[in-house]
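> Sequence:
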Amino acid sequence: MNSPSNRVGPDQIHLSYTDADDEMRVMFLTSDAAERTVRYGPSDDSLDDVAVAHLERYEREHMCDSPANASIG
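All residue numbers for the sequence shown refer to this note's numbering, where the first residue is 49 and numbers rise by one.
If you're looking for bench data, these hints aren't it; they were derived computationally from the structure.
Using N, Cα and C, we set each Cβ at its ideal position, and we do this for glycine too.
Honestly, I wouldn't trust all of these hints.
If you anchor each label on the Cβ, the simulated ranges turn out as follows [stated by the list, open to error]:
hint: 1; residue 1: 90; residue 2: 111; range: 36 to 42 angstroms
hint: 2; residue 1: 68; residue 2: 100; range: 14 to 20 angstroms
hint: 3; residue 1: 76; residue 2: 112; range: 33 to 39 angstroms
hint: 4; residue 1: 103; residue 2: 64; range: 16 to 22 angstroms
Let the sequences and hints guide you as you build the complete structure.
Set out below in structure tokens:
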């Protein structure tokens, strides 16, 4: 069992639609920079498709200005 201090799984998982009818965006946070994949499919027992995650890294110094707050105007 992973405790919060040694957990390596995704946190703050967020699903959203995109402008494309056949597309969905999956966003999540992890505590390291390891390559991540997302398995998906029509049901829990049929997760046959895999997508490689695109990494965006934000450090503490990025939190007050761009890129983290580029949408705040």
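> Look at each hint and say if it fits the structure.
Structure-based check of each hint:
Distance hint check for residue 90 and residue 111: the Cβ-Cβ separation is about 38 angstroms, which falls inside the suggested range of 36 to 42 angstroms. Separation of residue 68 from residue 100 is about 18 angstroms and conforms to the stated range, judged on CB atoms against 14 to 20 angstroms. In this structure the supplied range 33 to 39 angstroms is violated for residue 76 paired with residue 112, their Cβ-Cβ distance being about 23 angstroms. The hint said 16 to 22 angstroms for the Cβ distance between residue 103 and residue 64, and at roughly 18 angstroms that hint holds.
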